[in-house]
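**Student:** Letter by letter, the chains look like this.
There are 6 protein chains.
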Amino acid sequence: MERFDGRRVDELRPVKITKDYLIHPEGSVLIEMGNTKVICTASIEDRVPPFLKGTGTGWITAEYSMLPRATAVRKIREAARGKLEGRTQEINRLIGRALRSVVDLDKLGEKTIWIDCDVIQADGGTRTASITGAFIALVDALKKMVNEGLIESLPVKRYVAAISVGIIDNTPVLDLCYEEDSKAKVDMNIVMSDNGEFIEIQGTGEESPFSREELNTLLAYGEKGIKKLINLQKEVLGIEL
Amino acid sequence: MERFDGRRVDELRPVKITKDYLIHPEGSVLIEMGNTKVICTASIEDRVPPFLKGTGTGWITAEYSMLPRATAVRKIREAARGKLEGRTQEINRLIGRALRSVVDLDKLGEKTIWIDCDVIQADGGTRTASITGAFIALVDALKKMVNEGLIESLPVKRYVAAISVGIIDNTPVLDLCYEEDSKAKVDMNIVMSDNGEFIEIQGTGEESPFSREELNTLLAYGEKGIKKLINLQKEVLGIEL
Amino acid sequence: MERFDGRRVDELRPVKITKDYLIHPEGSVLIEMGNTKVICTASIEDRVPPFLKGTGTGWITAEYSMLPRATAVRKIREAARGKLEGRTQEINRLIGRALRSVVDLDKLGEKTIWIDCDVIQADGGTRTASITGAFIALVDALKKMVNEGLIESLPVKRYVAAISVGIIDNTPVLDLCYEEDSKAKVDMNIVMSDNGEFIEIQGTGEESPFSREELNTLLAYGEKGIKKLINLQKEVLGIEL
Amino acid sequence: MERFDGRRVDELRPVKITKDYLIHPEGSVLIEMGNTKVICTASIEDRVPPFLKGTGTGWITAEYSMLPRATAVRKIREAARGKLEGRTQEINRLIGRALRSVVDLDKLGEKTIWIDCDVIQADGGTRTASITGAFIALVDALKKMVNEGLIESLPVKRYVAAISVGIIDNTPVLDLCYEEDSKAKVDMNIVMSDNGEFIEIQGTGEESPFSREELNTLLAYGEKGIKKLINLQKEVLGIEL
Amino acid sequence: MERFDGRRVDELRPVKITKDYLIHPEGSVLIEMGNTKVICTASIEDRVPPFLKGTGTGWITAEYSMLPRATAVRKIREAARGKLEGRTQEINRLIGRALRSVVDLDKLGEKTIWIDCDVIQADGGTRTASITGAFIALVDALKKMVNEGLIESLPVKRYVAAISVGIIDNTPVLDLCYEEDSKAKVDMNIVMSDNGEFIEIQGTGEESPFSREELNTLLAYGEKGIKKLINLQKEVLGIEL
Amino acid sequence: MERFDGRRVDELRPVKITKDYLIHPEGSVLIEMGNTKVICTASIEDRVPPFLKGTGTGWITAEYSMLPRATAVRKIREAARGKLEGRTQEINRLIGRALRSVVDLDKLGEKTIWIDCDVIQADGGTRTASITGAFIALVDALKKMVNEGLIESLPVKRYVAAISVGIIDNTPVLDLCYEEDSKAKVDMNIVMSDNGEFIEIQGTGEESPFSREELNTLLAYGEKGIKKLINLQKEVLGIEL
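Residue numbers (UniProt numbering), protein chains in the order written: chain A, 1 to 241; chain B, 1 to 241; chain C, 1 to 241; chain D, 1 to 241; chain E, 1 to 241; chain F, 1 to 241.
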């Protein structure tokens, strides 16, 4: 199968990560995967949600959004509609779980890290790019906390990154762009850590179920892509965990 | 490992399905899995969402809810809060995808089937019980449409059922009750059809990532449980697809 | 006049009350009046609304809802619409007033009892069935509080039950089912205590006003029906007040 | 019993009705009952709610509101809170039912009459004053429709007015001001037409139930007050129905 | 140019101010400018918004609203729509800024003054009439605070009033009524203090831009009108600042 | 007075305009004024608001938003709060008026141009930068319509740009950054067209009123700044109007 943009089935799009993209946030990143562009920021807040008050434990929460014209057709703003779509809430929860899974929240103290992922331009894979980019913004914010003496050491246990895989015309492929995504019968998002373990698998074959063999190939492609992304994260951050 | 209620690691809780539980809906089921009890109904509406108008294609949409005191601690009603939680929206979307995946929507005509899953009592696994029960209510409603001459034949391609699996103290187990669910480090919901293919896999290891081997065991347990559930569905419905 | 279902004009439908219907709530009842089925629960919360803080006095508040397919035509969920209908708010307030009227809130201490009435199947008279059933769930929850030493004695002053009456084709009747209710020109809900006094009368003749004589008959039928319901409550609860 | 303001137990407060109070509405009235002041307007809209489209039948709907400082303590605006209180919705529905009960909606054609009752100053009895005043605004708007040839004749079947009664310290009284209302154990609103029939009775004895004898006295007082109000309406409108 | 109602281009409509219009509020005014009628009230609340807690400083906040039938065509209530229009929020903010600009909030102590401006009848210039009227209600409420010993002296620095100006058919005019306002190409609201300085200028030439010369004339007319209004305020209040 | 960043009192910050910043919108611009960065897009929609249906006339509407971490302190998303702030609605309306004032909406046909201004980084003057940048995106989108034959000629009458001015420590200054804005006693936004006429003036002296002389200086500075901005727009767009 020839892919839309000439890539091999297990090839990532060009990835570019710009650290310190904005002046205000404690951590900020512009991540570009092909034409998909997401601004990820990490903000430190000096309190925790009610269920953590008095526990000495911190929290990480994430909010994802798209500019109205990140997409080919303008989407109405959720602020104008007055409520969040189900899709947005799902993604918020996914990003939050992914990042919390690699941070030792006990060592964070009673702080909340707000992760904001704003999609400036969308071409497929925005939620997985958000996780990969937000991890860097998060680590940068935590480094700032260490530097300012707010915490003793970096409470990050592992690197984490995410990628999408899918099945198009019976062929499993890695890192789908929008054109591919809209033709895929199976769509899966994979979040993994740098020790090769799974943090999240979300695969759906609404239009056509998938077999155990297909699942195996998808997981293998995902693992390959995530390894490359984590290598890139390590280059950008320049620290081993 | 001894399970909380004496079950083997790959054993389902007692399942009971009561068809025609209510007098008004076109299809209605009370499904009980252990102490978890869900009323599932299917309602036929003579129109489709805007994006399907004029296409001749139908739609299936699902809404999930819990009675405030389905749980050990009373939960505030979403109607009183004025908005749906993210969790509810995720489950709504999951149930809808699962059921649409096995129905030939083209043959349905421009009708919407509304699936309502109301949890009367919760003890873990409410979303997967909802899918398993709702499938029966859905088929019953579609049979009624066939009987009334609204459609020529049953537009159902496959049986579908769902179950939860998870890892507690490093041990993978099938069909977690609430007590187990709250201790599980890995939590996964699996939706499969009767030909053994996956329709949806949603696994999360927020508190502890999981390896490929653990994933394999979880999928095997899930497959075993779903086979039993589909056999039960076949008994209750008495039709082969 | 022959009634739709063969009943005499002053005859109740068959009533069935199942106590301890659910495992989680402090009090729970399934009440069935003909085809009308309501799950009533009572939940104890360890705080009071702001206006009672520091007064030593407790509160009882009620929430009523219908499953979307409790009715012949599916009703959109209030949670999906994002707000409560006026009808729901009226019923919430009615149930709350009825139950508070027979409880000594001073003796309750600073607790709130949440009453939830969820209509599983509707066939007329759902709000009055809710009051009759909720009273039993409430007393059960209060008995639990006595048993746990949270309060010294049962702070319940009187039994309370409710019933609907109406005028169909100039004939007053007791306990209208939906078919009758939709034809009635006058519709009245009566709440009474076991000493034969009125707690609430809500009668409306929007489609045709009613005379003093008709009112007298309606009140007499209501009193007769409520006496039977209170006898049933006494049987189920097994305590005199 | 000596009443707070020297009135007899069955005596109304001074009533003043100013017709054509505003320049824009088709009908407008300022009604004052003691210190209670309500602006009532009637507006004609050239369409009906969806459930009446194509039926040739009209509709009357009512909206009640209080200025934030109509009361002794400022009340937050419902527009600022973003939703209507249950109390407001109850009153909206009550006013609508009362007015629809005396209008022949078939003869109205497919029009909606919007009734707005805005309480400028509150001192008890605002909902019943609203009904009494709104009836005059409504008839004025309908007369305008007759004059403009939109309808052939006045589709009003009867006069309608409303008043509150209650029991204070075991004494039934008519037309309670706020000071009395806050002390009353029983509170009842009565809506009657000019032929002495009941359109609505809403009585609640949340703080103390009431006997059949007390009910009889309350109804007698209510009837007396409403007769006076309808005489006043007839004077102001100058037409017999 | 002959004006619609015979006024000169720089002439105000007849102004009438009724102080102590309502019995409950600490300050209340009915201001009439031609057919425009606004009830302005000032209410004292014994707390401040979160950002002022503990600062010893007070706050003034304003809410503006129109009765649904203040206008020629009925407007849907914002409470019924569930949210405030942008126009309303703009006006709320404008009135608040105008009044805060002349009050020494430090001397107010930690109190909030709520200003409510409810338009009973609209004929252009409602927001500027609101400011002019609300100032009087505000001063009355503050005088009450002085009289009750809550503050030492009147913390009001200057008189403030407001008026609209605009350009109709190339002619600048003062104090536009609705008929004029709807024809104006340029629309400007001016808020000034009694020392002739500007507190707010909001001019918009959406339909036709305006030159510097036109601006000068508009400002001159505005200044003239506001001088007259402030003289009137002084008469009504009877105090010099 | 020495300015915070060494600028003269009537000097703009460095301005940078990047056209075609995004791939999807019909027009898109990144405008940078110092550290303030706004993405402005123009999207064509093939319908108009209800009040323009059937008139042959088009519409331009604008929506402004800030990324949560565009500011020094994270701001909660309006989508998460479920409603737009008053400030946002004011800015939406201001941008819309400014752009509509220079477009011949009759020649646009029944189309809506959606203008989206998303502030990526805020350092004062975001609403005026939005207008200046959005004008370019708008013209680009309209050029595309001309190229595609949807309209005959560019329906733009004039260039339009905007800038802020203010008074700090009694000194009027042009183009305030955030640090200056927070110290300014007078704050004014000016929108002008390329023929030197005013489209909008919004000046507020909440903390200290301003004299006629100060106003004159502010307007002169504003005019100077806007001339430079319009020259820049002309360079970028390369067309005369």
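No wet-lab data here; the hints were simulated from the structure. Since the model is a prediction, treat every value here as computed from it, not as a measurement. Every residue gets a Cβ at the ideal spot worked out from N, C-alpha and C, and that includes glycine. Some hints could be false.
[Stated by the list, open to error] FRET-style restraints, in silico, Cβ to Cβ:
(1) N216/D <-> G86/E: 53 to 59 Å
(2) G109/B <-> G56/F: 37 to 43 Å
(3) R47/D <-> E207/E: 45 to 51 Å
(4) A72/C <-> E207/E: 43 to 49 Å
(5) G109/B <-> R47/D: 30 to 36 Å
(6) E110/E <-> P14/D: 49 to 55 Å
(7) E207/A <-> G238/C: 36 to 42 Å
(8) D181/C <-> E110/E: 52 to 58 Å
[Claimed, not checked] In silico BS3-like pairs for lysine-lysine, Cα to Cα no more than 25 Å straight-line:
(9) K185/B <-> K19/B
(10) K185/B <-> K227/A
(11) K157/B <-> K185/A
(12) K234/D <-> K157/C
(13) K53/F <-> K185/E
(14) K83/A <-> K107/B
(15) K53/A <-> K157/C
(16) K16/C <-> K19/B
(17) K185/D <-> K16/D
(18) K234/D <-> K107/C
(19) K53/C <-> K111/E
(20) K185/C <-> K16/C
(21) K83/C <-> K83/E
(22) K16/D <-> K111/E
(23) K144/F <-> K53/E
(24) K16/D <-> K19/E
(25) K53/A <-> K75/B
(26) K107/F <-> K111/A
(27) K53/B <-> K75/C
(28) K19/D <-> K111/E
(29) K111/B <-> K144/D
(30) K185/F <-> K75/A
(31) K107/A <-> K53/A
(32) K19/B <-> K53/A
(33) K234/D <-> K19/D
(34) K111/F <-> K185/E
(35) K53/F <-> K19/A
(36) K144/D <-> K111/C
(37) K183/D <-> K53/C
(38) K107/B <-> K185/A
(39) K19/B <-> K185/A
**Student:** What are the numbers of the hints that this structure violates, sorted from low to high?
**Tutor:** Hint check: 3, 4, 6, 7, 9, 12, 14, 15, 17, 18, 20, 22, 23, 26, 28, 29, 30, 32, 35, 36, 39 fail, others pass.
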